[in-house]
Amino acid sequence: MIFDNLISWFIDNKDLIIAKIPLIIFITCLIIILICVLIYFKSKRRRRHFAFHWHHLMYRLGIRKTISRRYVGRVHVHECYDPLVPLIPNKKIILNYDTLEQPVLIRKNVLKKINKVADSLPDNIKIKVYKAFTSKQTLNEMFEKIVNKILEEDPKIGRHEAIRMAKYQSTDPSGNLGGHETGAAIDIAFCDDSGKDFDYGSNIFDRSTPSYKNVLNNEQKRNRKYLVKKMKRQGFVNFPAEWWHFSYGDRLWSAYKGKRNGGIYGSAETNINGKYQFTIPVKNSDFNKR
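Reading the sequence shown from the start, the letters are residues 125 to 414 in the working numbering.
Since the hints were made in silico from the structure, they are not lab data.
The C-beta atom is built at its ideal place from N, Cα and C for all residues, glycine as well.
List time: in silico BS3-like cross-link candidates among lysine-lysine, alpha-carbon distance up to 30 Å:
1. K255 <-> K407
2. K273 <-> K260
3. K255 <-> K356
4. K236 <-> K215
5. K381 <-> K354
6. K345 <-> K291
7. K236 <-> K381
8. K189 <-> K354
9. K260 <-> K383
10. K237 <-> K189
11. K399 <-> K291
12. K168 <-> K291
13. K381 <-> K353
14. K168 <-> K383
15. K260 <-> K407
16. K320 <-> K236
17. K356 <-> K381
18. K381 <-> K237
19. K353 <-> K383
20. K237 <-> K260
21. K240 <-> K320
22. K237 <-> K353
23. K232 <-> K216
24. K356 <-> K337
25. K291 <-> K356
26. K337 <-> K349
27. K383 <-> K237
Label-pair distances were calculated between CB atoms; the ranges are:
28. F329 <-> Q358: 16 to 24 Å
29. H284 <-> M182: 23 to 31 Å
30. N239 <-> L158: 50 to 58 Å
31. I151 <-> R331: 48 to 56 Å
32. Q226 <-> H200: 26 to 34 Å
33. P279 <-> A365: 25 to 33 Å
34. I155 <-> K353: 47 to 55 Å
Just need the whole structure built from these sequences, with the hints factored in.
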């Protein structure tokens with residue numbers, strides 16, 4: 125009886141059903157796609173993988189000005205054990221010892237790229253290096269100073285909040301986000317023969333005027349673009365919030381390249397029994413004694 129009624133209803137509504145077939149197919153496909161998406165994103169690893177590349181796409185499209193530290197920290201590093209080597213000044217490279225940790229060290233392959241950048245510059249332009257490898261101990265001391273300064277200015281906020289605020293001013297050593305602790309990041313500026321930096325719109329380490337803010341005059345914009353252009357030709361990535369900061373092979377570099385598994389330089393040190401020790405080769409006698 126039910127079967128007969130169903131056949132009768134189908135015959136009476138045949139034209140309407142045929143007209144709706146494209147819509148039925150479309151809805152069925154949507155349901156299948158939705159089920160596949162739910163199955164795919166059931167995995168936490170896949171959700172993180174998608175979020176990373178979505179975040180990178182938003183940066184590439186200009187919707188986001190920087191990539192969040194959260195996603196930089198999700199980059200996987202496959203350490204290549206490229207050694208730390210001394211960065212020695214020459215006629216094209218000047219070292220600013222007031223801001224550098226001594227001895228001045230950097231990854232061997234990164235040093236080769238810096239030398240290539242220096243060789244590509246006109247005779248009247250030099251590279252001034254402000255920061256290269258920075259030890260975990262130094263990073264901890266710098267971070268602690270910032271935390272204490274914040275607490276002095278406002279003791280009521282508490283240490284937990286002070287640490288959170290300090291992370292916006294300096295790298296949290298416990299975060300292991302790469303950077304200077306890897307020996308693969310470098311802070312530089314181009315300068316003239318006398319060692320005077322060109323006009324970049326702000327002093328080095330002054331974060332008040334990132335390149336994506338439209339507050340620079342034409343000369344300042346040209347100087348920043350020229351600096352970035354020369355470094356990018358050797359594979360470096362510039363951190364958009366700091367015109368002076370460049371890296372190659374660390375987590376930041378890999379994140380801005382859109383390579384979640386692309387890091388080749390991790391932290392050069394690790395904490396062993398309460399003491400930081402190198403986990404990669406170091407070709408410098410002063411540091412080998414540590």
